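In order, the protein sequences belong to chains A and B.
Each residue of the first sequence is one higher than the last, beginning at 0 in numbering that gives the first Met the number 0.
Each residue of the second sequence is one higher than the last, beginning at 0 in numbering that gives the first Met the number 0.
No wet-lab data here; the hints were simulated from the structure.
Predicted model, so just to flag it, every value in this text is computed and none were measured.
Incorrect hints may have been included.
Calculated cross-link-like contacts (lysine-lysine; reagent style DSS-like; alpha-carbon spacing at most 27 Å) [as the list claims (entries may be wrong)]: (1) A:K168 x B:K76; (2) A:K317 x A:K118; (3) B:K20 x A:K31.
Selected chain B positions facing chain A (in silico; Cβ < 10 Å) [unchecked claim]: (4) S24; (5) L25; (6) D39; (7) V40; (8) R44; (9) N48; (10) D62; (11) D75; (12) K76.
We put the beta carbon where it would ideally sit given N, CA and C, even for glycine.
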Amino acid sequence: MYSQGLIGADGRTEETPEFLERFQRRIDAEEKIEPKDEMPEGYRRTLVRQIGQHAHSEIVGMLPEGNWITRAPSLRRKAALLAKVQDEGGHGLYLYSAAETLGVSREEMTEELLSGKAKYSSIFNYPTLSWADMGTVGWLVDGAAIMNQIPLCRCSFGPYARAMIRVCKEESFHQRQGYEIVMTLAQGTPAQKAMAQDSLNRWWWPSLMMFGPHDADSQHSDQSMAWKIKRFTNDELRQKFIDATVPQAEYLGLTIPDPDLKWNEAKGGYDHGPIDWDEFWRVVKGHGPMAKDRIKARKKAWDDGAWVREAALAHAEKRRARKIAAE
Amino acid sequence: MTATTPLWEVFIRPRNGLAHKHVGSLHAADEVMALQSARDVYTRRGEGNSIWVVPSAAITASDPDQTAENFEPTADKIYRHPTFYEIPDEVGHM
Numbered sequence: 000m001y002s003q004g005l006i007g008a009d010g011r012t013e014e015t016p017e018f019l020e021r022f023q024r025r026i027d028a029e030e031k032i033e034p035k036d037e038m039p040e041g042y043r044r045t046l047v048r049q050i051g052q053h054a055h056s057e058i059v060g061m062l063p064e065g066n067w068i069t070r071a072p073s074l075r076r077k078a079a080l081l082a083k084v085q086d087e088g089g090h091g092l093y094l095y096s097a098a099e100t101l102g103v104s105r106e107e108m109t110e111e112l113l114s115g116k117a118k119y120s121s122i123f124n125y126p127t128l129s130w131a132d133m134g135t136v137g138w139l140v141d142g143a144a145i146m147n148q149i150p151l152c153r154c155s156f157g158p159y160a161r162a163m164i165r166v167c168k169e170e171s172f173h174q175r176q177g178y179e180i181v182m183t184l185a186q187g188t189p190a191q192k193a194m195a196q197d198s199l200n201r202w203w204w205p206s207l208m209m210f211g212p213h214d215a216d217s218q219h220s221d222q223s224m225a226w227k228i229k230r231f232t233n234d235e236l237r238q239k240f241i242d243a244t245v246p247q248a249e250y251l252g253l254t255i256p257d258p259d260l261k262w263n264e265a266k267g268g269y270d271h272g273p274i275d276w277d278e279f280w281r282v283v284k285g286h287g288p289m290a291k292d293r294i295k296a297r298k299k300a301w302d303d304g305a306w307v308r309e310a311a312l313a314h315a316e317k318r319r320a321r322k323i324a325a326e
Numbered sequence: 000m001t002a003t004t005p006l007w008e009v010f011i012r013p014r015n016g017l018a019h020k021h022v023g024s025l026h027a028a029d030e031v032m033a034l035q036s037a038r039d040v041y042t043r044r045g046e047g048n049s050i051w052v053v054p055s056a057a058i059t060a061s062d063p064d065q066t067a068e069n070f071e072p073t074a075d076k077i078y079r080h081p082t083f084y085e086i087p088d089e090v091g092h093m
């Protein structure tokens with residue numbers, strides 16, 4: 000992804016109706032848009048915001064699970080959790096690279112995350128209180144992420160679509176290892192099963208909120224659908240997730256914490272109870288239980304790593320100077 | 000703000016006999032760290048057995064605005080393709 004030349008470049012375009020129409024024709028013909036192609040400024044901005052948020056979510060998402068690595072109950076679980084958290088870091092890097100092709104630098108994106116200007120998925124502002132949460136996060140949170148991400152593999156912007164293909168290939172392991180953890184607990188002692196149920200109770204609704212507001216209240220949905228950045232609406236994806244997940248919970252003998260949840264024969268899917276959107280907006284706006292801790296942890300990592308970045312650059316400079324002197 | 004860390008393009012050969020293929024990019028201070036990061040970021044599941052890293056600044060790309068004049072002329076040169084030529088069936092496979 001040849002982005003270096005683009006960083007800081009002025010992405011403004013002359014957006015005449017002819018230009019927008021020409022662009023839309025390419026989108027409608029399922030042509031992929033590549034970084035140096037002409038594109039409306041709004042398309043570029045939407046993607047920078049979306050890919051940036053997505054990348055930040057991967058990086059912040061390492062924290063709630065990193066919390067349990069040292070306390071994993073066996074070496075097998077520890078190795079899997081380490082690999083999963085390392086994957087999340089990798090996913091963040093693929094995505095930052097994709098965003099950088101649009102002319103925004105890694106440093107700018109990092110600063111926006113640390114200053115609170117850029118958002119990340121609300122789900123990571125909830126605490127991971129028990130080992131069962133490692134299972135539930137993999138099963139539900141990664142499960143919801145997969146629902147979101149599979150259609151993104153066909154996103155109209157080439158670098159984002161390519162990054163998502165890599166991410167999706169790796170994500171399936173995350174969900175399966177999570178489900179296996181929950182299954183082990185659900186089939187264990189009554190106390191272990193209760194721990195799994197408690198975890199499901201806490202994560203179910205925040206997982207449904209991951210798909211974002213209802214279609215009627217979603218600001219950016221229509222344009223994103225027209226530009227084929229999004230392929231399904233928030234509510235469509237949420238419905239797919241519920242329909243896929245309810246039987247998985249039934250298999251475990253766990254109860255979804257929604258008294259209104261019931262099969263609707265006519266629509267061939269489940270109906271669910273009302274979602275607490277006040278809670279969603281509170282958490283998105285940074286009032287989630289863990290919001291301050293998450294940003295504090297990222298800021299500490301960035302600040303504590305400053306000397307490493309500086310030393311690495313100084314070392315590279317010294318080697319370059321020595322090489323020139325030797326020639 | 001400290002100096003920015005340079006960008007590198009990463010190419011991986013999935014196995015011997017195939018060409019190195021572009022897989023993505025990363026930031027690293029020098030080529031040694033770029034190779035190490037490329038191994039960690041892009042080959043966690045046996046994706047390849049050889050890595051190239053190239054400074055992104057060293058890549059010269061064709062201009063998308065000239066795509067038509069660069070590449071469209073080949074479309075009407077159908078005589079460059081074997082199926083342009085009529086060979087009787089009796090001659091057999093050629």
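Here's how the hints hold up against the structure:
Among the hinted pairs, K168 of chain A with K76 of chain B is inconsistent with the structure: their alpha-carbon atoms are about 40 Å apart, more than 27 Å. For the hint pairing K317 of chain A with K118 of chain A, the CA-to-CA distance comes to about 38 Å; that exceeds 27 Å, so the pair is violated. A hinted pair counts as satisfied when its Cα atoms are at most 27 Å apart, and K20 of chain B with K31 of chain A qualifies at roughly 19 Å. At a threshold of 10 Å, the smallest CB-CB gap from S24 of chain B to chain A is about 5 Å, leaving the interface hint in force.
Hint status for L25 of chain B relative to chain A: holds, with the closest Cβ pair at about 6 Å, below 10 Å. The beta carbon of D39 of chain B comes within 8 Å of a beta carbon in chain A, closer than 10 Å, and the hint placing it at the interface holds. Satisfaction of the interface hint for V40 of chain B is found here, the shortest Cβ-Cβ separation to chain A being roughly 5 Å, below the 10 Å cut-off. Because the smallest distance between the Cβ of R44 of chain B and any Cβ of chain A comes to about 7 Å, under 10 Å, the interface hint for this residue holds.
For N48 of chain B, the interface hint is violated, the least distance from its beta-carbon to any beta-carbon of chain A being 18 Å, above 10 Å. About 8 Å separates the beta-carbon of D62 of chain B from the nearest beta-carbon of chain A, less than 10 Å, and the hint is met. This hint is violated: D75 of chain B has a C-beta 21 Å from the nearest C-beta of chain A, more than the 10 Å allowed. Hint status for K76 of chain B: violated, given a least beta-carbon distance of 23 Å to chain A, over 10 Å.
Violated hints for the displayed structure, listed by number in ascending order: 1, 2, 9, 11, 12.
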